[in-house]
Amino acid sequence: VETVDLSYKLSSEDIQQTLTNIGLQDVTSIVNYVCDSRAACSIFSLPFQFDYLKDLGNKFPNIVFSYVTYLHVKDNDPFRHEFFVRIVRSFPLLKYLCIYNVRSSLPVDLMTFSSENCQLYSTIEYPHLTTLDLSYAHRDYVEQFLNETKTYMPSLTELCVIVRDLIVVTNNFTRNETRRNCAKVKTLFILPPWLHVEVGKKEEIEQ
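Using my numbering, the first residue of the sequence shown is number 23, and each one after it goes up by one.
Warning: the hint list may mix true and false statements.
[To be verified] Cβ pair distances, simulated, as ranges: (1) Thr209 - Asn43: 45 to 53 Å; (2) Val190 - Thr42: 43 to 51 Å; (3) Phe211 - Phe66: 24 to 32 Å.
[Unchecked claim] The list that follows gives simulated cross-link-like pairs (lysine to any residue, SDA-like), each with its CA atoms no further than 20 Å apart: (4) Lys96 - Cys63; (5) Lys76 - Ser64; (6) Lys96 - Val107; (7) Lys81 - Tyr92; (8) Lys76 - Leu46; (9) Lys76 - Tyr118; (10) Lys208 - Lys76; (11) Lys81 - Ile65; (12) Lys117 - Cys182.
No lab work stands behind these hints, which were simulated from the structure alone.
Glycine is no exception: its CB is placed at the ideal position from the N, C-alpha and C atoms.
Please work from the sequences and hints to get the whole structure.
Next up, the structure:
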């Protein structure tokens, strides 16, 4: 939905009121401003029975999406740690997660990769996640997911990431906190440029 000509921003409450007025029951909506002039609006009946959900933002209903295995999250505002806590609770069977957000997730005074700062948060576990796409995400989200003190992904086998971010966050592949989440990764898609690397073969990632 293009919103450049609107005098105010539509909300989920606006959509919900319209649905109620026309007599629709057991229906909910999500409105997410993916940029300043465009909103993604999803309207669906409950319970949600699809396995794919795209353009989910910071604001979404407090329900469990029991069938969703593929999730694409995107927002004009940064994602905080609490957002990912909600994702785990609302999407218990998640296998594929793509994060599209170029905004830093941390306040300036916390923008470090130290273990001390990681203790400010509880560790989030994604037990079924096999594929993580961070190719259009700020470096903070690479830190958020690869650092085992913030996130644990025991089933991760495929990772898409910007090579420079991967090198910095893993301290050139020597950082202990990032080893466990990368231990089972078999396939890397790194950019720029796009490069497909089968882990364990002779290809090397150069700085």
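Structure-based check of all given hints:
1. The beta-carbon spacing between Thr209 and Asn43, approximately 49 Å, falls within the hinted interval of 45 to 53 Å.
2. The hinted window of 43 to 51 Å between Val190 and Thr42 holds, with their beta carbons roughly 49 Å apart.
3. In this structure the hint that Phe211 and Phe66 lie 24 to 32 Å apart at CB holds, the actual value being about 30 Å.
4. Under the criterion of a C-alpha separation no larger than 20 Å, the hint pairing Lys96 with Cys63 is consistent with the structure, at around 12 Å.
5. As the CA atoms of Lys76 and Ser64 are separated by approximately 9 Å, the hinted pair is consistent with the 20 Å bound.
6. This hinted pair checks out: Lys96 and Val107 have alpha carbons roughly 16 Å apart, not beyond 20 Å.
7. Between Lys81 and Tyr92 the alpha-carbon distance is near 18 Å, which keeps this suggested pair within the 20 Å criterion.
8. For the hint pairing Lys76 with Leu46, the CA-to-CA distance comes to about 23 Å; that exceeds 20 Å, so the pair is violated.
9. Between the alpha carbons of Lys76 and Tyr118 the distance comes to roughly 11 Å, so the proposed pair stays at or under 20 Å and holds.
10. For the suggested pair Lys208 and Lys76, the alpha carbons sit about 26 Å apart, so the restraint of at most 20 Å is broken.
11. For the proposed pair Lys81 and Ile65, the alpha carbon gap of about 14 Å is at most 20 Å, so the pair holds.
12. With a C-alpha separation of about 14 Å, the suggested pairing of Lys117 with Cys182 holds against the 20 Å cut-off.
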